[in-house]
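Colleague: Below, each chain spelled out in residue letters.
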Amino acid sequence: MTAQNNQPRTDGSITRRQFIKLSAATVGSVVIAHQTKTRALAASKVSRDTAPAMLVDLSRCIGCGNCQRSCAEANGLAPTTEQAQGLNGQNFTYIKKVELEDGQVRFVKRQCMHCLDAACVSACPASALHQTPEGPISYYPNRCLGCRYCMVSCPFDIPRFEWENGLTPEIRKCMFCYERQQEGELPACVANCPTGAIRFGTRSELLAYAHARLAANPDFYVDHIYGEHEAGGTAWLYISDVPFESLGFRTDVTTRPIPAYTWDIMSKLPTVVGSMAVVLTGAAIATQRRKGHDPDHNVPPWEREGEGEPIEVKNTQSDQGEG
Amino acid sequence: MFQDILMLGALFILRIIVPLLLVIGIGYSLLRRLTGVKLDFSPKFVTGVGLVLSCWAIAAIALILRFTNGLGAITNLTDEFPLGLWIGFDVMAGAMLGGGAFVLAGLVYVFGIERYRPILRSTILTAFLGYALLIVALLIDVGRPQNILMLRPVFFFNIHSVLWEVAMCVMFYTTVLALEFLPALFERLRWKRAWQIVHKITLPLVIIGILLSTMHQSSLGSMWLIANGKLNDLWYTPWLPVFFWISAIGVGLGMVTVESNLSSRAFKRGLEQDLLASLAKFNSYWLGFYAIARLADVVWRGKAYMLTEPTLMTLLFWVEVGLGAIVPAILMSQPKIREHKNALYAIGAVIVVGGILNRLCVSMFGMWTYTGPVYLPSIMEVALTAALFTFGGAVFVLLSRLLPVFPKEETALTASGD
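Note that the protein sequences, when read in sequence, are chains A and B.
So for the first sequence, the working numbering puts the first residue at 1; every next one is plus one.
So for the second sequence, the working numbering puts the first residue at 1; every next one is plus one.
These are calculated hints, taken from the structure and not from any lab test.
Bear in mind the structure is a predicted one, so any value in this text is a computation, not a measurement.
For each residue, glycine too, the CB sits at the ideal point set by N, CA and C.
Some hints could be false.
Stated by the list, open to error - Covered stretches of chain B (in silico footprint by chain A; criterion: 3 or more residues with CB under 8 Å from a CB of chain A, positions within the stretch not fixed):
| no. | region |
| --- | --- |
| 1 | 57-70 |
| 2 | 80-89 |
| 3 | 333-347 |
Unchecked claim - In the SDA-like style, the derived pairs of lysine to any residue whose C-alpha atoms are separated by at most 20 Å in a straight line are:
| no. | chain 1 | residue 1 | chain 2 | residue 2 |
| --- | --- | --- | --- | --- |
| 4 | A | K268 | B | P238 |
| 5 | B | K230 | A | D264 |
| 6 | A | K96 | A | F107 |
To be verified - A short list of chain A residues far from chain B (calculated; beta carbon distances all over 10 Å):
| no. | residue |
| --- | --- |
| 7 | S59 |
| 8 | E73 |
| 9 | K96 |
| 10 | P159 |
| 11 | V272 |
For reference, chain B alone in the conformation it holds in the complex (with noise of 0.2 Å):
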């Protein structure tokens, strides 16, 4: 038994923590020699760095054991309760998180809105981040991965299957957040021609990628339009792809201020407070609408004694229609409120968090109605999620490092940071 527990530390260490510290070691110094980059070994960086990493090692793990012995060996998910924390978190709320770079893209491009152009950028390079994660986490939770890279439901599709279109289109969706912002990497390179064949072809891809998350954006709603019966009447309704798309947007441009105010504060840089500020007066209306469509339907269906019930579904409900939609479109109707920094950035927070509980109320929650709440997510399901969430926050951090990510500090900044 002493001598099993030993070889296990022994090979932890020799296969996980020896290869972290060497690709870290090796990250750094490339880092430090590409960007100039020098950290500052406080406590608390030390700290953040440790849990991250710690966060990753379990994370790593976990990935061995789900290829060996299968998902059952670290998830919590049954027969009866098939989709977990890593469609409802990673897939249904990563998509939504993403959802500000289509709104964006196509205010500057097809409306010619060109103010937002300083944020667009940032917002592109988390939805691409955002997008290519989701494609991850997709692959470790399906159970036959190597199906999906070998293309079958491209051979053998199902125009019935939404889950097929919504694959589809997160496919090339992603590609043309790629294509999208390629322009960083060849103004960085300085490669003219290839500058210029995307330049050339940006407005038609902007317009793709706004029909491609369009469809499904909506469709990750229609999903679970087939679990009649199934998921709870408050969250059950036909109008249920129309509220994704729409929430989409606006939790997607709750999004852009979060992301702006983190990188702000990371980066040191100045804050475009009047274009988070104009976002934010877009969305209290937007909003504002949501919250008063997803009553009027629940209404409309003939459930609204169900908003009164004493039950954990009617909390959540209001908690996430309330929390991320109906407070955040009051606060941000108050031109004092929007234009104050960290006021904007809290309410962006709420949004996103309200909108997370959102997909998760669609996929996880509320089909404990039918099941029992018989599914939490396990440690490891955690972890993997979070190792993935730090993983694209690193890559976002050392891409705006190297490639022109932000504009220049002179330009289109009006507010600066602390």
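Excised from the complex, chain A in its bound form (with noise of 0.2 Å):
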């Protein structure tokens, strides 16, 4: 590029073939950085064998709505004798009744996943949410930006946000008890649960009761545990004996990492805004070759001689003789 230094600066056909240059160039490192695949850097620093898990036998839950009232009464939200039909800024979890084609009922508990390496602590702009050293993800309101982004991230669509509140909405969601955890004590749900429905544990041995369990019952379970790979694997697990997907669940969702689609692409900006700069230097640095050293370069406009005043308003002049 510099190599075109002696052209005279008012030819506009050969500066502006530099920059389709510059710009294919600029193109072309894109497409460079994105073909050299770089294995997108794990943000969880969490053990996936040790963090705390849970595990929801969908067969054995009867639909009583104990854990959604225990949950209610543990982190202090509305309590209700109903049972709640979605989640919203009261409900961190409740119990989706599904009533499937041949006429049996089943109940579906949701909440947070609390994804290993989860979408939402990635989408954070101020780290509000943020994976806790064991692992379950958890909120600071005071950082929080209250953009909304890690709702549009999730894979699950769990955070909700307070939309009637003008100044200070949270977004609002299981945060796994974290605080009892901390305190020995088993999370409000599971410590409520009548059927052993749910079970808490640490994943690996979960997991491998899970396998246990399927293995035992091939003809009776469904041969997937949902969570051990969705969204790069779940601290909440689930097995079911009806087809996932008749239960609501989403079944399309990546087993790649959620923050790795972003990440791909964030993780080459220096590389490309790098090169970008070393580009433009250069071409600015030829550019002020090529001109030469103007002597009237660093006066202002209105003192150049011979040149008059050439950015003056015009309107200006005429309002100052009319006034």
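Using the hints, put the two standalone chains together into the complex.
Modeller: Following this line, the structure appears as structure tokens:
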């Protein structure tokens, strides 16, 4: 690019060609950067084996609603006598009643899945949603901007926003009873489950247990542990005797950790922008050399001789004359 | 009931109409004194101003409701569909429309193509106002704007967050644009020392501006890559950031045409038609390449069958790519068309509309495949967006009257307005 120093600067066509070349070079470097497959850095430093986890056996849930009521009590949410029909700022979990085609009924407990590589944590611009050292995804409201990008990013559509709050709305979701866990207590829902449909333990231990149960009853259970690989692995795991898609689970969720999809691009920015900076600086230096030294370059326009007052506004003068 | 309405009406007049009239009256007399502009109160002008002012009044009510009763009170946003028009139009499209500034500044300062200088300053002003209003829109849209003002994202940074990177870049780039525009103010005030300081740092500023623009224009696309499995496959591609960068340049240059024509008409000044035509020639190649790349990407990902499906998404895709890139690229490749003033103006407008539709498709319509058509902006959302847009226009008019934004009529103009 600097080879064309000698071109007169009035010749627009050459410089435009240079510009097109530069653009092509930039696009090209993005291409190269894209094809070099770098593995996404895992943001999470949490051990996947020892993270606290839950196993929900959907065939054992009777839909009593104890989990939801005890959740409301433990988290200081609005108490309800009726069973909630969805998640909101006052419901961190609810039981969805699903009537299957053959007339059977299943109850599906929904709440935050506590992904091991959580999309919301990578999306949050102020680190308000964060992963605790043990694994659960927790939240600092005083950092939150309320941008709601976490809601867009969540593959399970879990975070809820307080739409009726003018200045201090919060993102609301299940925090895995993190404080109770810190004090050595079980999360409220599992402590109050009467049928043993929910089990608490470390993730590796629950996965081993679930695999054993599937292997022992291959005709009864669907051969799939929902959450083992979904979204790169979640702390909440589900096993079921009816197919997950018929229960409203998203079965098209990618098995790749979702933060990788944006980190793929983000991690290349330094290379792209750095090479662009070098090219642009080179072009600027070449341009300066081509132009040569202008003794007037640091003289403001109104003091330049022979040019009068090139960019003075006309109206001002006529106004001053008027007034 | 009747008393309530009476009370509300009285409050409305007292709190909104009276202050608005006061501001307008004082503003007009100041403007007249400073610039000597006299307004002619023709019926057309009065209706126009009336429409704009009523829009501002609705926006003022919307703002009060938003900060007292929450976003739910004035928007159609829900937990299912959390980001809407303010992000899709004000932020995504607003940044895109300011894309002309970093291209022109680069051409003039980095590559030394001085002939684009006459339209540079007005382009930078357009971009600066666009970005400033983008920030205002964002402060209204986010739930806890006070945490932005307290710089929480700076202290609790998250380099994995695309939105964090966009926020930082937008913040710095708006500052860069302000600094790039400052010489106009110093020329008006004749502050020699200040002018020289800014003049000295202009070249590095321009380079930093180009880098920041490249980063956030592309990242506004990367933002949506986190919505894996949610955004429609016609738009969800790892190339989205590259397409956003390319279209920010193409549509930004289209916006330069529109803005030049609008100000030429409004201020009854000449038009730099030959500059716009030469930009259009470049843009025809650029948008042509963009359109081919968009189609090639869909085919490459094995989604070619989606291009012929009779769905709303396919229609939107073809309108956005066809009308926004293919048709303008073909038309602008014809010298006769691009040298025709009004034709180029119309093509510029089509590029801008197509570009805006692209951003709305990625951020709003493309999500409908996943959520169902659950969201369309409310009247209040539209009114606030329109209010910000017209407010930007008004500030542009005001500043271009007060400061040397456009070159003196005698220099560098070929065709005269009308």
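Colleague: Now tell me if each hint is right for this structure.
Modeller: Each hint tested on the structure:
1. 57-70: holds (count 5)
2. 80-89: holds (count 3)
3. 333-347: violated (count 0)
4. A:K268 <-> B:P238: Distance ~12 Å between K268 (chain A) and P238 (chain B) Cα, so the pair holds.
5. B:K230 <-> A:D264: At roughly 18 Å apart (the allowed maximum being 20 Å), D264 (chain A) and K230 (chain B) satisfy the hint.
6. A:K96 <-> A:F107: Distance of about 6 Å is within 20 Å: holds.
7. S59: 27 Å, holds
8. E73: Check passes; 23 Å lies beyond 10 Å.
9. K96: 15 Å, holds
10. P159: 8 Å, violated
11. V272: 7 Å, violated
Of the numbered hints stated above, those contradicted by the structure are hints 3, 10 and 11, listed in ascending order.
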